[in-house]
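Chain A is fixed; fit chain B onto it per the hints.
Taken in order, these protein sequences are the chains called A and B.
For what it's worth, the UniProt record's numbering labels the leading residue of the first sequence as 1, then goes sequentially.
For what it's worth, the UniProt record's numbering labels the leading residue of the second sequence as 1, then goes sequentially.
Misleading hints may appear alongside valid ones.
[Stated by the list, open to error] Listing some non-contacts, in silico: residues in chain A with all C-beta distances to chain B over 12 Å: (1) 53; (2) 57; (3) 136; (4) 178; (5) 183; (6) 210; (7) 276; (8) 285; (9) 287; (10) 291; (11) 296; (12) 337; (13) 342; (14) 349; (15) 368.
[As the list claims (entries may be wrong)] Here are some chain B residues pointing at chain A (derived, C-beta under 10 Å): (16) 42; (17) 46; (18) 51; (19) 54; (20) 76; (21) 149; (22) 150; (23) 240; (24) 241; (25) 257; (26) 263.
Everything labelled a hint here was simulated from the structure, so no lab data went into it.
This structure is a prediction, so every number in the text was calculated from the model and none was measured.
C-beta atoms are modelled at their ideal positions from N, C-alpha and C, and glycine is treated no differently.
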Amino acid sequence: MSIIKQGLAALAAGVLGLALAQPAAAEPVKFDFWFGLSGDLARVVDTLCKNFNASQADYEVVCTSQGNYDATLQNTIAAFRAGKQPTVVQVYDVGTATMMLSGAYKPADKLMEENGYKIDYSDYFPGIARYYATSKGEMLSFPFNSSTPLMYWNKDAFAKIGKSEAPKTWEDVGADLKALKDAGYECPMAINISANESWQLMEQFSALHNQPIATKNNGYDGLDARLEMNKTKFVQYVTDLKKWYDAGLIKIKSKDLGQDMVQAFASGTCEVIMTSVGDHGTVGKTQKEGMNWDVAELPVYAGTERKNSLVGGASLWVLSGKSDAEYKGAAAFLNFIHDPKTALFWSTNTGYIPVTKSGFDYMKAQGFYDKAPYKGRETAIASLTASEPTEITRGIRLGNFTQIRAEFGTQMQAIFANKVSVQEGIDTLVKNGDAILDRFQQTYPNKTLP
Amino acid sequence: MEKRVTFSRWSIGILFAVPQLILIFTFFYWPAGQAVYWSLTLQQPWGGGNIWVGLDNFRSILSNADYWNSITASLTFAGISTGLAMVIALVLATLTDRQLAGSRLYRVVLIWPYGIAAPALAMAFRFILAPEAGFMAVVNQVWPGFWDPGLDGTDAMASIIVAFSWKYVGYNFIFFLAALQAIPRSLIEAAAMDGSGVIRRFWDIQFPLITPTIFFLLVINITESFQDSFGIVDIMTSGGPANATNLMVYKIYSDGFRGLDYSGAAAQSIILMLLIIVLTIFQFRFIERRVHYR
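Pulled out of the complex, with its shape left as it was, chain A reads as follows (with noise of 0.2 Å):
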């Protein structure tokens, strides 16, 4: 049904760019925006577009949502085969090099240049910047909805056991989360560890402790990049993760158990977890009465220097193929995007994090982050701005990286298991890790990623 309604679309798009070559055209020229949010979310998103058709005459933008990220690619990559593509697409952070080799999109700063907006790209934190622009720096789509993982804590729990500051190492955690359960605290840490968490748990930690996830700067250098976390200080904190496990410290708590970890911690069951900015919103709406809580950045080991972490989210893409009104439109609603007011917008309406510093600064000079909802969300952008990325924490190019953390996701439960020791079930993950990647360089076989 949608498929034929943009299809429809698609047709009533061109036939408009064709009248819009004469010279009395009056409607404004549809393009299409295909995004992967739903829910509220969704809702925002379709608010956003409003606000753009009404800012302007010119064009219309049509936003559809598709229902989540690996739908709206799938979507897309059927439209694009079948010459029914839409101008603009979210596409999710691990989807880039997927993205970068399929020769199906308009470089972004390209476009940009050609339609005569001047965007300033070093105006983007560059830890979100060099996330998804190319090894020599070209941004080839446009930051969108990004988010970075913190630790929540309880604060009245943690005050129980005489702490008024959330622990900023590993080492302390450890201690931390004894005492919580000598306290009485049943459950004073959860995680869960389905193929989600490898953000947070491998990806995040990787780059905080400034660790490679693949070799060849985590496959920013080439398609031969492979797997090497079963080398790295992720071994360590997966082992301690188990030993707390096991322990009784740390609870798993995922949605097919009944609560999900961001549940459990907003109803007080759990005093600890470390999951997305974009969840802050969340867990201030569905929070335990009077429980006071905060957020701060995830630990690193003791005499770890901290690095940067990884930005989360979706960026935009704009498709090849299409008309140059319909990329003119895109540009503008591109710039849109770009203008501070829409970052104060959209990052009051969702828990996504400002991309620019401009924006960033619009919003701190606006009293955002004074305010009690949003007050703590900052953290995010500390946590991103760390440090200067570096070769390693710009981010992780590798192909196919949805079914690596499918991998994780069964190494992980492995492990936790009981049915193969720590080492023993990342080994399998680098080696069927690298099986995935050996086949993605195999279907693209004379291709660089740029």
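Just chain B now, with coordinates in the frame of chain A:
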């Protein structure tokens, strides 16, 4: 006088068959042919091109321990859930057929589960079987750690088997009941007058007379357990923990659509298709011999 309709020219016959042939070609042979072609190449997801790799996709799949694990899981799932769904349905149908009190109500109610979409019923069972909040939480309170589908592969497999069987009990029930009611009452009454009890009548009269239905349901249940399990797995376990419920059909989805490995997924589809064909041939060849058609 011959009553059969005949056509003066063979081309008219073909003409009548054409709509059906086009349908089969468009919805079966063409996609299946495409899948065979894809399975012999490496497809770039965005359609940038493909490379002919011959049987490499099959080789890499069949040498992968995870894939064999997936086949084992699928066969286990098919065997146990088919057995459960058929035995329970047969017992229920036999009892309903005996006109016990309330059997009219059962006849209507027991058909409902089949009408529920797999993802919806999976969602319901996820709540029912949740170890911390659902029905099983009570069991866990008595024996802590007894039920943990989040980490224990056997528990997770049991969950999806229960959910799938629950749905197909309704389906099987309709067929069993219809078959049982088609048995002439006089046969059963005669046996009763000869002094045979309920169980005896079941084994000696009813069971042999419904073997065609049993055989039909066996084929359908096994085939469906390979295909219709997707929604249940996707909602309840996502193939986990540690691949314990990564059934073949789910693995095709996750490799193909989530992992964008279209060629590998196409090769897996071909293998799944062959496996179902072989299983069905096997059933017709060896089990059908014991079926007595009237």
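Here is how each hint holds up against the structure:
No beta-carbon of chain B is positioned within 12 Å of the beta-carbon of residue 53 of chain A; the least distance is around 30 Å. With a least beta-carbon separation of about 34 Å from chain B, residue 57 of chain A lies farther than 12 Å from that chain, consistent with its non-interface assignment. With a cut of 12 Å on Cβ distances, residue 136 of chain A stays outside the contact zone with chain B, its closest approach being about 22 Å. A cut-off of 12 Å between C-beta atoms confirms that residue 178 of chain A is not in contact with chain B; the least separation is 21 Å.
With 12 Å as the threshold on Cβ separation, the claim that residue 183 of chain A sits away from chain B holds: the shortest Cβ distance comes to roughly 21 Å. No Cβ of chain B comes within 12 Å of the Cβ of residue 210 of chain A; the nearest lies about 29 Å off, and the non-interface call holds. For residue 276 of chain A, the requirement that its beta carbon stay farther than 12 Å from each beta carbon of chain B is met, with the minimum near 20 Å. With a minimum CB-CB distance of about 21 Å to chain B, residue 285 of chain A clears the 12 Å threshold, and the non-interface call stands.
At roughly 19 Å, the least C-beta separation between residue 287 of chain A and chain B is larger than 12 Å, which holds for a residue marked as non-interface. The claim that residue 291 of chain A is not at the interface with chain B holds, since no C-beta of that chain comes within 12 Å of its own (minimum 20 Å). Against chain B, the non-interface label of residue 296 of chain A holds: every CB pair exceeds 12 Å, the least being about 27 Å. No Cβ of chain B approaches the Cβ of residue 337 of chain A within 12 Å, the least distance being about 24 Å, so the stated non-interface status holds.
Under the 12 Å C-beta cut-off, the non-interface status given to residue 342 of chain A relative to chain B holds; the minimum distance is some 30 Å. Every beta carbon of chain B lies more than 12 Å from that of residue 349 of chain A, the smallest distance being close to 29 Å; the non-interface claim holds. Every beta carbon of chain B lies more than 12 Å from that of residue 368 of chain A, the smallest distance being close to 36 Å; the non-interface claim holds. Against a cut-off of 10 Å between C-beta atoms, the interface hint on residue 42 of chain B holds, since the closest Cβ of chain A lies about 5 Å away.
Given hint, residue 46 of chain B at the interface with chain A, holds; its Cβ is 4 Å from that chain's nearest Cβ, closer than 10 Å. For residue 51 of chain B, the interface hint holds, the least distance from its beta-carbon to any beta-carbon of chain A being 6 Å, beneath 10 Å. Checking residue 54 of chain B against chain A: minimum C-beta separation of about 13 Å lies over 10 Å; hint violated. The interface hint given for residue 76 of chain B is violated, since its Cβ lies 17 Å from the closest Cβ of chain A, which is over the 10 Å cut-off.
For residue 149 of chain B, the interface hint holds, the least distance from its beta-carbon to any beta-carbon of chain A being 7 Å, beneath 10 Å. With a least beta-carbon distance of about 5 Å to chain A, the hint placing residue 150 of chain B at the interface is held under the 10 Å criterion. Taking 10 Å as the C-beta cut-off, the interface hint given for residue 240 of chain B holds, the closest approach to chain A being about 6 Å. Of the supplied interface hints, the one on residue 241 of chain B holds, with its beta-carbon coming within about 4 Å of a beta-carbon of chain A, less than 10 Å.
With a cut of 10 Å, the hint placing residue 257 of chain B at the interface with chain A holds, because the nearest CB-to-CB distance is about 5 Å. At a threshold of 10 Å, the smallest CB-CB gap from residue 263 of chain B to chain A is about 8 Å, leaving the interface hint in force.
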